[in-house]
Amino acid sequence: MTPAIFLLVVFAISLGAGLLGSLLGLGGGIIVIPALTLLLHVDIRYAIGASIISVIATSSGAAATYVREHMTNLRVAMFLEVATTTGALTGAYVAGIISVRWLYIIFGIVMAYSALAMFRKRHQVSGPVPHDRLAERLNLHGDYFDEATKEHISYRVTHTPVGFGLMYVAGLVSGLLGIGSGALKVPAMDLAMHLPIKVSTATSNFMIGVTAAASAGIYFARGDINPFIAAPVATGVLGGAALGSHLLGRIRGSAIRVLFVLVLIWVSAEMLLKGVR
Amino acid sequence: MKPSSEANIQVAATEKLISNLLRTGVFSSAALVLLGTIVTFLRHPAYMRSVDQQHQLTDGRISFPTTLPAIVQGLGHLDGNAVVMAGLLVLIATPILRVAISIVAFLQMRDRVFAAITTLVLLLLVASLSLGRAGG
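So the sequence lines, in the order shown, correspond to chains A and B.
Residues 0 to 276, numbered by numbering that gives the first Met the number 0, are exactly what the first sequence covers, in order.
Residues 0 to 135, numbered by numbering that gives the first Met the number 0, are exactly what the second sequence covers, in order.
Heads up, some of the hints might be wrong.
[Stated by the list, open to error] Per label pair, the in silico range of CB-to-CB distance:
no., chain 1, residue 1, chain 2, residue 2, range
1, B, Glu5, A, Ile152, 22 to 28 Å
2, A, Val161, B, Ala11, 27 to 33 Å
3, A, Trp265, B, Met47, 32 to 38 Å
4, A, Trp101, B, Pro44, 48 to 54 Å
5, A, Tyr112, B, Pro44, 52 to 58 Å
6, A, Arg121, B, Asn7, 31 to 37 Å
7, A, Val99, B, Phe26, 37 to 43 Å
8, B, Ser49, A, Ala220, 28 to 34 Å
9, A, Pro160, B, Ser129, 28 to 34 Å
[As the list claims (entries may be wrong)] To give an idea of the interface, some chain B residues facing chain A are shown, with a C-beta separation under 10 Å as derived from the structure:
no., residue
10, Asn19
11, Phe40
12, Ser49
13, Leu56
14, Gly75
Note that these hints are calculated values from the structure, not bench results.
Computed from a predicted structure; not experimentally measured.
Just so you know, even glycine gets a beta-carbon here, dropped at the ideal spot from N, CA and C.
Build out the structure end to end from the sequences listed, making use of the hints.
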């Protein structure tokens, strides 16, 4: 393979990763890392560095549109970022103390359960949610225009303290295992806080860039971000995310939910395998 | 979304500000990365044909600038890798700038609680940056 062909292949894969990631609120690492290591035999160090770039590119590439279209709940995102960044920091501190093997198994099971719970909600019509004083106080409730159903949707946020706790765990796990915590953020917002699924993925998309940026500086300085690999990943993912951000509004929430559940089952299986091996 | 009250207009302005910042960051980063890649290929025409060079580029045997002074120096020599790295730095800086600019926006809206929350996030980010490890 010539460097030129390599560049084109990585660009095409990244385009797909950015598209899927932007629709589901994930970072795209689940596509970028195996594609680079297994398919293209890139050093794992560079693959991880490129996946950090992929997370930031997915987030910023799609968030410009999601924020403008009111799909991102900015207040929820910024409040929960306190929990994810604290969690990520804790993860960095306790790394080495906790057995990573068990974490893979525990969170593999948590994700499988979340996938099931999210799948069960697919026909559920959103009704009134329990009153939440914190959500009231912080003025977290929101609304957006759903292009797929041509409806103006107003929603109320609930169980904010539970969501905050779950986000701390999501940050902790990503700090320890280095996996994109989007796979835990979306279920937390969907199942606990009762945000509409598209708001959950768009808000997760908004949040993942921040914590990834904090760790990217380190990878950058350490020389793990190789320009030859990161360049097609960055441009491809940005393009895919821009495309995805214009599609999310038009796709029905139930379709996004089913797609997310399928990807979550995949991530869960991958984690269980890592824990068992 | 129909901004009716004054508060809604302010929220819409914040959203526009953040959206524009993200858009500017993304576009300038993509432009630099693309430009750098083109420069690299113009300077190494063999990349279009040579089959064995790809391994050198992807298995850890090439050097590229990883510090700001080295990148600036590389830009002076019109080094393609330095241009790409500058673009990637812009990409990494964008979300952090987004948090910083939100603080200002919340202060303008006199939303002290959220200005404090966002400041805390920024401090935590700086802490992770200095600590060395934290995940996405």
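Structure-based check of each hint:
1. Glu5(B) x Ile152(A): 22 to 28 Å: holds (24 Å)
2. Val161(A) x Ala11(B): 27 to 33 Å: holds (30 Å)
3. Trp265(A) x Met47(B): 32 to 38 Å: holds (36 Å)
4. Trp101(A) x Pro44(B): 48 to 54 Å: holds (52 Å)
5. Tyr112(A) x Pro44(B): 52 to 58 Å: holds (54 Å)
6. Arg121(A) x Asn7(B): 31 to 37 Å: Since the Cβ atoms of arginine 121(A) and asparagine 7(B) sit about 32 Å apart, the hinted range of 31 to 37 Å holds.
7. Val99(A) x Phe26(B): 37 to 43 Å: holds (39 Å)
8. Ser49(B) x Ala220(A): 28 to 34 Å: holds (30 Å)
9. Pro160(A) x Ser129(B): 28 to 34 Å: holds (29 Å)
10. Asn19: holds (8 Å)
11. Phe40: holds (7 Å)
12. Ser49: holds (6 Å)
13. Leu56: holds (4 Å)
14. Gly75: At 17 Å from the nearest chain A Cβ, glycine 75(B) fails the 10 Å test, so the hint is violated.
In summary, the structure is inconsistent with hint 14 from the numbered list given earlier, while agreeing with all the others.
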